[in-house]
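Chains as they are written, first to last, in numbering that gives the first Met the number 0: chain Z, 0 to 835; chain V, 0 to 221.
There's no promise every hint is true.
[Said to hold, decoys possible] Partial chain Z-side listing against chain V, Cβ under 10 Å, derived: (1) Q693; (2) R697; (3) D700; (4) L702; (5) Q706; (6) R741; (7) G744; (8) I745; (9) R747; (10) A748; (11) G750; (12) A751; (13) A752; (14) A825; (15) P828.
Don't read these hints as lab results, they were simulated from the structure. We treat Cβ as the ideally placed atom computed from N, Cα and C, and that holds for glycine.
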Amino acid sequence: MTKLMQDLRSAWRAILKRPLPWLLALVSLALGIGSNTAVWSLYEQALLRPLPVAQAERLVNLSAPGLKEGSTTNNVAGPRDDVLSYPMLRDLAVAPAVGRELVGIAGHRYFTANTAVAGEATTGGRAMLVTGNYFSLLGLSPALGRLLQPADDEAQGRRVAVLAHAWWKQALGGDPGILGRSVRVNGQALEVVGVAPPGFRGTTLGGQPQVYVPMSLRWELDPAAQDDREDRRSYWAYAFGRLAEGVSLEQAQAALNASYRGLLSEVELPLQQGMDAARQERFLARELVLTQGARGQSSLGQSAAPALLLLQGAAALVLLITCLNIANLLLAQGAARAGEYALRASIGASRQRLARQALIEAALLATAGAVLSLPVASLALHVLVAWLPGADSMGLLPESGPSSLSLTLVMALATTLAFGLFPALQSMAAAPLAALRGEGPRATGSRAAERFRAALALGQVAFSMMALALAGLHAQSLLNLARVDLGLRSEGVVGFAVSPDRSGMDGASRTQLFETLERELAALPGVRAASASTVPLLTGSTWGTDIAVRDGPTPQGRDSPFYNLIGPAYFQTLGTTVLQGRAFSAGDREGAPRVAIVNESFVEAFELGPSPVGRRLTDSPRLPDIEIVGVVEDSAYNAVRGPKPPLFYLSWRQNPGLREMHFYVHTDDPYGLMAMIPPLLARLAPDLPVERLQTLDRTIDELHDSQRFVTALAAVMAVLGTTLSALGLYGMLGYTLALRQREIGIRRALGAAPWQLVAMVAGRVGRLLLAGILFGMAAAIALAHLGRALLFEVDNRDPAVLLAAMGVIVLAAGLACVVPTRRALAISPMEALRCH
Amino acid sequence: MIVQLRQLDRIHVQAGLRVPVLREIHLDIAEGEFLSIVGPSGSGKTTLLNVLGLMDHDWSGEYWLDGSAVHQAGARQRQALQRSAVGFIFQHYHLLDDLTVAENLELPLSYRDLPSTARRERVQAALARFGLEGKKGLYPAQLSGGQQQLVAVARAVIARPRLLLADEPTGALHSSQGREIMALLTELNREGMTIVQVTHNPEFAALAARTVELRDGVLGAA
């Protein structure tokens, strides 16, 4: 123990004596490990973390691949293979295998819902339909009240609901008096009987329901659902089971399939109409597939996997650079201390003792690195969660679990021991006498070792150049996207949506509401114009329909152009110029002659000639023709990139019964207006939540989220990589110049001027930089070519970007060289020679 | 006089203490003279040589080298003066391990901006003069100690300095090799080169025309 304390003291003194290399190694470790911990935390949350339920490893997901005739609807919970019909779910839940190989089988499916507790604002979100045994099969206990039970999910279904813990906290402030109160889900009142446990966010990653309701209420709560409760050809329900104690997944699958095959042949096959023998054979060959269900059911994790893998790869590269840095910095440190090790050895220190000392120093560094990496990881996590596309929908949180923290410690220890201890041991390997004569560093500084270190530094420079060039190319791309002429105004425009059909409002009331909203929005202070639009602009959504020009050609592939149903002030609101004819008026409503407005691309694509106004369009033989009353300039529709599509506009008032509507408002004060909209809607339709309320600029930003994420990632990598590379160059140069102290002394004694020595150092670094820059540039060009879909109007060899990246590298390298070079030149030649 | 030192003091500061290393040195060295500096270890011999060779500037007093007032010169002038007037021979040869014999010889010339043809000619002449033609492509590690010191002497004189300073030039050699090097220095002196050597060896010190002794930083006649 005394020896250990002695070694600790000694290690601490050694660190204090030459703090800079340790400090640099520490910074490298914190950056490298912190960024890896952050990425791992997200990866673990999205792809590896099991559900917070009892014995999650025994959960299995059911999938029913194969021929499915009829209707199939699936969502993010899984592909169409995974869904079952409701009758099949009920049959399987009482199959003989249940109670034997499986403890039970439960079903679930989320749907879009407007939810409100009496007296509180309505919020748009999701509700989860669950079978009565859902919570008990998961082994969950309520945070408040009770969870749903089998009796709640019988034929008629009790009108009860369980609130999600997060929503209860967020929307209702964790009100303990919620039990027994009424919650409205899509306009239907249900009694709150409990609150789900904290941390449980449903069995579908990305689902994040606000409330859990009995599955048997589906047809009352979801206006989009057909009455298919007895339809075996309508597939929509997801199912999972729990393995009985000691039963393997394969055994359960075999047992369940025995029932499934019987149900297919005896119950379902007779219901299939007009199925030929071959298809019948395929139908009967279907088998249930059971897969590990510990992480619930979701395809979101898999779809996020490429982005997360990209992140993980980038983080791994940063860690690699960190390792190289540690090796380089500590090699320099070891070289500088070779004499000390030799002296200790010459007065009797064993190699084990010296190794222990080095081990303690490395462990101190690793511990400090791990501690310092935690705030770095926390910062990186917050940034990543804010920037990672889909992080919000996946419910990713800026928090690190125990596995991430363990990983931090392991990485810190492994990095430091593997890359830090080795150089120290190498330095000790120098023959004591040679080291005492001052030849220690030379002993460890063989040509091969020098080449190795130069290769490390070259790799770092290449990585930095690559990351800088990629960041530059993507930043240029983002800039280009921001400069695109959209043909519409986004500045000062606020958008939002309403879905009154989910609150049980009938068609006439909805039309009335939309008209009132258009009028009242336009009358708000500061508002210049307001209009409805059925298509949410610049979100990727499109509406298309078959249409033809009466007595005109229909261009190949242009028979289903995009369209939008809009209000009279639409073009005024969005600043789109009417080139010919007129905009819509309030008189263009149901019963009036059908009218349309087309854009320039439509005129060109459908060869309408110089006078399109007055020409007629036809969309159905049963409906009257539509007269073109105006031509507008082209404008962006669903995307910023790419050519502006041929578009035609119809007056929404001529198409009654619309289920949901978007509104755009041009105002002098967008944020002031955003505060006025919820009270306005609350006055007009108390149960209706405001959905997707944000500025159009923000909507455009969201469209570029992936682009922004890759740019941010490349920028972060570039900053990290360049910082670490500069540190690496510093370490390498410090070490090389320490080894060359004698040579510098001789050269100065022989008459070399300081600038000649600086030129010598610059030449050495310059060659390395040049090689690194060339490699990095080639890699960047190749990667940018591979990811060219992400770049917008940027050449992957953009000279300005590549030159700028090169400039940053050279500047960073120059800064990294200043201190070691000055230090080397400051030593008098005689002192340098005396040392050797 | 090629060298004139007047009231020269050199003080080392060690752990906050001022330790005088050279005290009131007064020394004249005539052009073409061969001077030996002797004295016990720590007496200041090497420090004096470093001052003479313009590698140490932290002294007070007056120093005239080849008519130039070193004590008034700036760093650039001192460096130019060193390059034009001074050559060094070290006890441990201090050849550059990564350079061949020919490259080591060329090094001082490259710092004096000589055209490459002139450099090649001078290197060729030095190789011939010092009998190193057969070794010009070898690296220092492939030479004996005597041969390495021979290269070091050749390198010290290749730029034709007016003042050759030798710090224990035979200190790392055995006696026969030492004698060969001393013979070479004597020959160079006969050709007109001013030589100042620091040595512990009385036999080799005696080869100089004059010997001075340093004791505790004070210069006196030997």
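Verification of the supplied hints:
no. : hint : verdict
1   : Q693 : violated, 66 Å
2   : R697 : violated, 62 Å
3   : D700 : violated, 57 Å
4   : L702 : violated, 59 Å
5   : Q706 : violated, 50 Å
6   : R741 : holds, 7 Å
7   : G744 : holds, 8 Å
8   : I745 : holds, 5 Å
9   : R747 : holds, 8 Å
10  : A748 : holds, 5 Å
11  : G750 : holds, 4 Å
12  : A751 : holds, 5 Å
13  : A752 : holds, 6 Å
14  : A825 : violated, 13 Å
15  : P828 : holds, 5 Å
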